[in-house]
Amino acid sequence: DSGVTQTPKHLITATGQRVTLRCSPRSGDLSVYWYQQSLDQGLQFLIQYYNGEERAKGNILERFSAQQFPDLHSELNLSSLELGDSALYFCASSAATLNTEAFFGQGTRLTVV
Amino acid sequence: LAKTTQPISMDSYEGQEVNITCSHNNIATNDYITWYQQFPSQGPRFIIQGYKTKVTNEVASLFIPADRKSSTLSLPRVSLSDTAVYYCLVGGGYNKLIFGAGTRLAVHP
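Taken in order, these protein sequences are the chains called B and H. Read left to right, the first sequence gives residues 45 to 157 (the numbering used here). Read left to right, the second sequence gives residues -2 to 106 (the numbering used here).
Derived by calculation from the structure, the hints in this document are not laboratory data. Think of the CB as a built atom: it goes at the ideal place given N, C-alpha and C, for glycine as much as any other residue. Be a bit skeptical, because a hint or two may be false.
Some, not all, of what chain B presents toward chain H, calculated at C-beta under 8 Å [unchecked claim]:
id, residue
1, Phe89
2, Gln111
3, Pro114
4, Phe148
5, Gly149
6, Val156
According to the in silico footprint, chain B covers these stretches of chain H (three or more CB under 8 Å from chain B) [stated by the list, open to error]:
id, region
7, 37 to 51
8, 95 to 104
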């Protein structure tokens, strides 16, 4: 158990809909990262938050948005869903100090039908 | 962020030592080298991290030459359960943790 909790584990929704994925980082970790992994594809970095502030942005679509709350949990919002958004979405967290290891959650499997 | 190059795939047999090399010619002075392991449908798992020379933990060793332009992850006596994708990451500070394509290791009986 990495200590990072992602909910829900599975999500099935229709095209055009909006969903929210939730991530609770390890206790004390200030950084949260979001990744998308499509079937047999690599991990695509989406966005990083540090202590509530956006730190870095990757290949995140305009239909997607995220935030990190004062209690450090994070949410990834996906809207106007398309079939191609079907993927595993991972959240990871790391401590505030430099060059620390990141801990990944078990992911949320999103299926858009 | 330094770009990394590693083999797309490797094959090995149970009990053998596996060495996966990663090239990172543009590594910066404050960059660390980190390796992760990922099983299908699971999140990546930290294996080992180093800055220079050799680092060893209970699961792997990491060899980094003096020029730090490459690194080698060494897995001693692999088993079937070591079949996974291995990622080499290079970065420093509050980095973006950018993952490349990784190396798919297949361990055969």
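Results of checking the hints against the structure:
1. Phe89: Status holds, d = 5 Å.
2. Gln111: Result: violated, 18 Å to nearest chain H Cβ.
3. Pro114: Violated. Min distance 19 Å.
4. Phe148: holds (3 Å)
5. Gly149: holds (6 Å)
6. Val156: violated (18 Å)
7. 37 to 51: holds (count 7)
8. 95 to 104: holds (count 5)
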